[in-house]
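Trainee: Fit chain S to the supplied structure of chain H, relying on the hints for placement.
From first to last, the protein sequence lines stand for chains H and S. Going by the working numbering, the first sequence opens with residue 110, and the numbers climb by one from there. Going by the working numbering, the second sequence opens with residue 176, and the numbers climb by one from there.
Heads up, some of the hints might be wrong.
What the hints assert, rightly or not - Derived PhoX-like pairs: lysine-lysine, alpha-carbon spacing no greater than 25 Å straight-line:
{"hint": "1", "chain 1": "S", "residue 1": "LYS251", "chain 2": "H", "residue 2": "LYS212"}
{"hint": "2", "chain 1": "S", "residue 1": "LYS185", "chain 2": "H", "residue 2": "LYS214"}
{"hint": "3", "chain 1": "H", "residue 1": "LYS288", "chain 2": "H", "residue 2": "LYS135"}
{"hint": "4", "chain 1": "S", "residue 1": "LYS181", "chain 2": "H", "residue 2": "LYS214"}
{"hint": "5", "chain 1": "S", "residue 1": "LYS177", "chain 2": "H", "residue 2": "LYS212"}
{"hint": "6", "chain 1": "H", "residue 1": "LYS288", "chain 2": "H", "residue 2": "LYS218"}
{"hint": "7", "chain 1": "H", "residue 1": "LYS218", "chain 2": "H", "residue 2": "LYS183"}
{"hint": "8", "chain 1": "S", "residue 1": "LYS185", "chain 2": "H", "residue 2": "LYS239"}
{"hint": "9", "chain 1": "S", "residue 1": "LYS181", "chain 2": "H", "residue 2": "LYS217"}
{"hint": "10", "chain 1": "S", "residue 1": "LYS177", "chain 2": "H", "residue 2": "LYS218"}
{"hint": "11", "chain 1": "H", "residue 1": "LYS212", "chain 2": "S", "residue 2": "LYS185"}
{"hint": "12", "chain 1": "H", "residue 1": "LYS239", "chain 2": "S", "residue 2": "LYS251"}
{"hint": "13", "chain 1": "H", "residue 1": "LYS183", "chain 2": "S", "residue 2": "LYS177"}
{"hint": "14", "chain 1": "H", "residue 1": "LYS349", "chain 2": "H", "residue 2": "LYS378"}
{"hint": "15", "chain 1": "H", "residue 1": "LYS218", "chain 2": "S", "residue 2": "LYS185"}
{"hint": "16", "chain 1": "H", "residue 1": "LYS212", "chain 2": "S", "residue 2": "LYS181"}
{"hint": "17", "chain 1": "H", "residue 1": "LYS214", "chain 2": "H", "residue 2": "LYS229"}
{"hint": "18", "chain 1": "S", "residue 1": "LYS181", "chain 2": "H", "residue 2": "LYS183"}
{"hint": "19", "chain 1": "S", "residue 1": "LYS359", "chain 2": "H", "residue 2": "LYS217"}
{"hint": "20", "chain 1": "H", "residue 1": "LYS348", "chain 2": "H", "residue 2": "LYS378"}
{"hint": "21", "chain 1": "H", "residue 1": "LYS214", "chain 2": "S", "residue 2": "LYS177"}
{"hint": "22", "chain 1": "S", "residue 1": "LYS181", "chain 2": "H", "residue 2": "LYS218"}
{"hint": "23", "chain 1": "S", "residue 1": "LYS251", "chain 2": "H", "residue 2": "LYS229"}
{"hint": "24", "chain 1": "H", "residue 1": "LYS183", "chain 2": "H", "residue 2": "LYS217"}
{"hint": "25", "chain 1": "S", "residue 1": "LYS251", "chain 2": "H", "residue 2": "LYS183"}
{"hint": "26", "chain 1": "H", "residue 1": "LYS239", "chain 2": "S", "residue 2": "LYS181"}
{"hint": "27", "chain 1": "H", "residue 1": "LYS217", "chain 2": "S", "residue 2": "LYS185"}
{"hint": "28", "chain 1": "S", "residue 1": "LYS251", "chain 2": "H", "residue 2": "LYS243"}
Think of the hints as simulated: they come from the structure by calculation, not from any bench.
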Amino acid sequence: MIEVSSLSKSYGNHLAVDNVSFTINKGDVIGFLGPNGAGKSTIMNIMTGYLSLTHGSVKVDGYDIVDNPEQAKKRIGYLPEIPPVYIDMTVREYLYFMYDLKKVKFPKKPHINEIAKLVKLENVMDRLIKNLSKGYRQRVGIAQALIGNPDVLILDEPTVGLDPKQIIEIRNLIARLGKNHTVILSSHILSEVQEVCKRIIIINKGKIIADDTPDNLSQGLSTDHSLHLRVTGKEEDLKKILCSVPGVKSVVSLGSKEAGSCDFNVEPKTGHDIRAAVSQRLSERGKTILIMASNEMNLEQIFLRLTEMSDNGQEFFMAQNNGESEVSDKTQEEEEI
Amino acid sequence: MKAIYKRELKAYFTSPLAYVFIAVFFLFEGIAFTEIYSAGVADVTGVFFHLLTMLAMIFLTPVLTMRLLSEDRRQKVDQALLTAPVGITGIVLGKFLAAFTVFALAFAPTVIFQIIVSALATSVNWLFYLNALLGVLLTGAALISIGLVISSLTESQAISCILTITAYVSLFAITYIAELTGQKFIIAAAEYLAIFDVFSRFGDSVFHIPDVAYLLSVTALFIFLSVRAVERRRWA
Numbered sequence: 110m111i112e113v114s115s116l117s118k119s120y121g122n123h124l125a126v127d128n129v130s131f132t133i134n135k136g137d138v139i140g141f142l143g144p145n146g147a148g149k150s151t152i153m154n155i156m157t158g159y160l161s162l163t164h165g166s167v168k169v170d171g172y173d174i175v176d177n178p179e180q181a182k183k184r185i186g187y188l189p190e191i192p193p194v195y196i197d198m199t200v201r202e203y204l205y206f207m208y209d210l211k212k213v214k215f216p217k218k219p220h221i222n223e224i225a226k227l228v229k230l231e232n233v234m235d236r237l238i239k240n241l242s243k244g245y246r247q248r249v250g251i252a253q254a255l256i257g258n259p260d261v262l263i264l265d266e267p268t269v270g271l272d273p274k275q276i277i278e279i280r281n282l283i284a285r286l287g288k289n290h291t292v293i294l295s296s297h298i299l300s301e302v303q304e305v306c307k308r309i310i311i312i313n314k315g316k317i318i319a320d321d322t323p324d325n326l327s328q329g330l331s332t333d334h335s336l337h338l339r340v341t342g343k344e345e346d347l348k349k350i351l352c353s354v355p356g357v358k359s360v361v362s363l364g365s366k367e368a369g370s371c372d373f374n375v376e377p378k379t380g381h382d383i384r385a386a387v388s389q390r391l392s393e394r395g396k397t398i399l400i401m402a403s404n405e406m407n408l409e410q411i412f413l414r415l416t417e418m419s420d421n422g423q424e425f426f427m428a429q430n431n432g433e434s435e436v437s438d439k440t441q442e443e444e445e446i
Numbered sequence: 176m177k178a179i180y181k182r183e184l185k186a187y188f189t190s191p192l193a194y195v196f197i198a199v200f201f202l203f204e205g206i207a208f209t210e211i212y213s214a215g216v217a218d219v220t221g222v223f224f225h226l227l228t229m230l231a232m233i234f235l236t237p238v239l240t241m242r243l244l245s246e247d248r249r250q251k252v253d254q255a256l257l258t259a260p261v262g263i264t265g266i267v268l269g270k271f272l273a274a275f276t277v278f279a280l281a282f283a284p285t286v287i288f289q290i291i292v293s294a295l296a297t298s299v300n301w302l303f304y305l306n307a308l309l310g311v312l313l314t315g316a317a318l319i320s321i322g323l324v325i326s327s328l329t330e331s332q333a334i335s336c337i338l339t340i341t342a343y344v345s346l347f348a349i350t351y352i353a354e355l356t357g358q359k360f361i362i363a364a365a366e367y368l369a370i371f372d373v374f375s376r377f378g379d380s381v382f383h384i385p386d387v388a389y390l391l392s393v394t395a396l397f398i399f400l401s402v403r404a405v406e407r408r409r410w411a
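In isolation and in its complexed conformation, chain H is listed as follows (with noise of 0.2 Å):
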């Protein structure tokens, strides 16, 4: 559905977007995830053809967005960071204003009502834009965009400013339009994407540092998941049998957090899943276990991470082989506290 290939922008000496490769597909919900100013926005800015580009080339639907413009925009729809509304118009005029704009086809006054039920605007259509609270102007803006009923949504920070039942309302809704649409957003809120996105970007100073489902990325970075364990009994003892399981590379004692019991970090051999032989060691010996669990980076761990390594200089391949050892000791550092 949208391919951009090789894209990069400069302002002046300034790189913004540095040879941006990627392809989405029809009825994918994609999230452009990345710290404030590594260029989500403009690169949507660019795709919407809002913005030129400097070297590559975006192409909707086959329709470049610089050769044929005009047919690559009519199959996209865009929420820009800040919603371009006119705030001297009501929701109504302004909404008919976009249609007539957009030369669409569909039948007007059933067209705009739809989009105004999907969007719940329609307590306030006969309201000016400029007495609208952000949440509503928000909404105004997304109901712009399904203007016309495009395949591709472009959402640039949608949930921004808005108070968290709105957050949640909105992320409804982007999860709804995933059905039929082909939806972008962008955000640096990370469980925002993690929520409703099925593969991730994450953008860091203009460059792609990660493209991947989210399971995916937090697999990919701790690949061989240490557990976090709590057993009653005695620390040594417990210890003794930890280490006879097979396939445990090292165990580290944390202490005691709860009276009679005892918490471990294991961590296995690399490629051993030692979860089944682990608990049937232990209740072998009568211990029970009270917590298992998979120290799995978080996403926000990751996007932490990538983007540190990137600002170093890293690569994200090296991340897998060397970053273990971190890894589990940040997750360790996150627990305690």
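Mentor: For chain S alone, kept in the frame of chain H given last:
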């Protein structure tokens, strides 16, 4: 283009802007007409070239153009316009035509004056009137297109307005300033830029095709430059 035109025209009339603009022109034209008529001259064309009308054109037309392209940029609405499947030319033309419509409406009373005069006086030449009306509209179009370019260069309405007034005043005074230098080629060059002198010639009761062509070319040039200015920002 039509959507933009409709929206901009409506925006003029939902704010006091167009009303003030039109009201001042009506008042000044009324004063001018009263003066001319009470002097016993059965000629409405004088209204167009009266000092008050000229002053209103110089100082009020920038009010129409100042926010045309600058405000969209400040409010970030340009992101919606430029990512919609329409060309930049259509967007710019829609805005130009909206401003031009308000400008043209400001001269509606002259039609009534002309009808009054033709009812009372014995010999009234409608062609002279139409020639002068054409002159004022073409000059207005040229001035608006200049204001349009300036509004594309800034995000601030105030700066846009002041720069546009400066431009108009300079154009108004250009032959006078050129003559002060005494240099022949400067005077000759200034004549080409003196839009208001061209405008005045429409009061000579002679239809000058070169002047019509001149004003149309100026308008086309500056509309083209506005389109380029909007386009250029994309490549910045």
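Trainee: For the pair supplied as a hint, H/LYS214 and H/LYS229, confirm whether the alpha-carbon distance does not exceed 25 Å.
Mentor: Measuring from Cα to Cα gives roughly 23 Å; hence the hint holds.
Trainee: Does the structure keep S/LYS251 and H/LYS243 at a Cα separation of 25 Å or less?
Mentor: Given that 25 Å is the threshold and the Cα spacing comes to 15 Å, the pair holds.
Trainee: Within 25 Å, alpha carbon to alpha carbon, are H/LYS349 and H/LYS378?
Mentor: Within the cut-off at roughly 17 Å; holds.
Trainee: Given the proposed pairing of H/LYS212 with S/LYS181, does the C-alpha separation stay at or below 25 Å?
Mentor: Answer holds: H/LYS212 to S/LYS181 is near 14 Å, not above 25 Å.
Trainee: Has the given pair, S/LYS251 with H/LYS183, been kept, meaning a C-alpha gap of at most 25 Å?
Mentor: holds, 20 Å
Trainee: Please work out if H/LYS217 and S/LYS185 have their alpha carbons no farther apart than 25 Å.
Mentor: holds, 19 Å
Trainee: Measure nothing beyond the straight line between the CA atoms of S/LYS251 and H/LYS212; if it is 25 Å or shorter, mark the hint as holding.
Mentor: holds, 21 Å
Trainee: Verify the proposed pairing of S/LYS177 with H/LYS218, using a straight-line Cα cut of 25 Å.
Mentor: holds, 18 Å
Trainee: Has the given pair, H/LYS218 with H/LYS183, been kept, meaning a C-alpha gap of at most 25 Å?
Mentor: Holds: H/LYS218 and H/LYS183 sit about 20 Å apart, inside 25 Å.
Trainee: Holds or violated: H/LYS218 and S/LYS185, Cα atoms, limit 25 Å.
Mentor: holds, 20 Å
Trainee: Does the alpha-carbon distance linking H/LYS288 and H/LYS135 stay inside the 25 Å limit?
Mentor: holds, 11 Å
Trainee: Decide if the proposed pair is consistent with the structure: S/LYS185 and H/LYS214, CA atoms, cutoff 25 Å inclusive.
Mentor: Measuring from Cα to Cα gives roughly 24 Å; hence the hint holds.
Checked against the numbered hints above, the structure violates only hint 19.
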